[in-house]
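When you get a sec, could you build the whole thing from the sequences and use the hints?
Respectively, the protein sequence lines represent chains A and B. In terms of this note's numbering, the numbers along the first sequence are unbroken and rise by one, the last being 1169. In terms of this note's numbering, the numbers along the second sequence are unbroken and rise by one, the last being 257.
Among the hints, a few may not be true.
One side of the interface only, derived from the structure: several residues of chain A facing chain B at Cβ under 10 Å [stated by the list, open to error]: (1) H967; (2) L972; (3) P991; (4) R1005; (5) L1007.
Treat the hints as calculated values from the structure; they're not laboratory data. Glycine included, C-beta positions come from ideal geometry on N, C-alpha and C.
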Amino acid sequence: MSDSDGAQMRAVPALEAKGLGLSWDEGAHMVAEGIDLHVGSGEVVCLVGRSGCGKTTILHALAGLTRPVEGHVLLNGVDVTGTPGQVSYMLQKDLLLRNLRIVDNASLPLVLSGMPRKEARARASALFAQFGLEGTQELWPSQLSGGMKQRAAFLRTYLMGNDVVLLDEPFSALDAITRYELRTWYVRMAAELGIASLVITHDVDEAVSLASRVMVLAGSPSEGRPSRLVGEVLVDRMQDAVDFSVTHAYVDAKREIMMLLG
Amino acid sequence: MSSMLHDAKRIWVPTVTMGILLVTWEFVVRVGLIPNFLLPSPTQVVSAFIEDFPLLVGHAAATLGEAALGLVLGVLIGFVVAVLMDRFEPVGLALNPLVTISQTVPPVAIAPLLVLWFGYGILPKVLLVALTTFFPVTVSLFGGFQSVDRDLVDLMRTMRATEVQIFWHVKLPAAAEEFFSGLRISATYAIVGAVIAEWLGGFSGLGVYMTRVRKSFGYDRMFACIALISACSLGLMRLVDLAEYMCLPWRRAERK
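Structure below.
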């Protein structure tokens, strides 16, 4: 995308879903209906819902891995419904390949797109310090802590070269302190890199501590009630607040979300 | 320190056990508890081994050659079958029972047929080895391919990876470990398969040698031959271990 698009980008959200309807069985039973959402550049938006309400199904549709039965997915205004490889994707599991060194794992998207291995390694390696991974280039994934593995997974995600990242409970497998550190780190990195992030989680705390806007999804598809978006909560996050999680803004946002979840 | 002691234990306990067994065997034969014409003593076996060494080396070379050729063929067939079974679901469903059935047929039963069809040359031996070795390879590779995390494949797709790239970067490395466990089993089958095929007709090989010494009641030489067959199998297994060590460097980091 050229620089002249810059002004336009602010008007058109990086990622937009219009009237998404999703089903596990070709429309016989709906999982979610009428999903409208948008994420702007540098923004972190969370989608919160109970387990089994179809969050991951929505994520798969946004990633283009499955096709919705209704609606469209737009990327910078362009319809990409059902096309994988347009947005990046990060899960709770780091999904690093254990047979590749960290630098090779991180540079995998570049190698897959045809870049020579040496060049790809050099490009990835140059970003290791910025991502807090200095000195781990030649290690194997088994030699890294959980938090470091997620950093490496995020570097790989970033090197996919897309400006939209979907995250499925990205930090929930980590211990409490690392989780806290990585959330803060992620919000800073996403803003720094101008990445639009949509985080999907069932953890209200994760949502409030990551997002500036939280969308609440409710419903019970297994009981025949497709999930819908029932509300949006703006999180008034104070930049650089050392401990945002004990502020009134945090608690208010959390209470509001819990009420919407029912 | 305690782990070093433990490592030492792992060597001396089996060594001492082996030593006790051999001494008991020697004693039982020397004293005459078991008649010597039925069971040679370990020292007799060793001297028979030394006496027939040049002959044994020649036959062992023939057997190892057949085993290696058959193993390579078996691995190639196993690889192709496993890839097809994984890539095309109907092929997997169709071949799964056939692959298993092929293993329930005892090699001793097919060997005479192979000799009948393909003569006394090297071909029936190589085929029998291939037939007995392809199964562990197929099963381990297929299992390895199927064990790949769905999420990992999805992730590769979001990275715009092609089918070939997913196979090369994800499936093949994931199956590599299980492949080597299968190959280790195949390696032992290979020597045994070659020897069985040689029993039923041939001009050289440890199986041929065994048949000859058995007919001339040279039980000491027979035992020497059995020991050599074991040694060959062990050697081949060690080679597989070495290949695994070289091919899977990340395993070394994980073991630490």
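Checked hints:
1. H967: For H967/A, the interface hint holds, since the closest Cβ of chain B sits about 8 Å away, which is under 10 Å.
2. L972: L972/A check passes; min Cβ-Cβ to chain B is 6 Å, inside 10 Å.
3. P991: holds (5 Å)
4. R1005: Check passed: Cβ of R1005/A comes within 6 Å of chain B, closer than 10 Å.
5. L1007: holds (8 Å)
Of the numbered hints stated above, none is contradicted by the structure.
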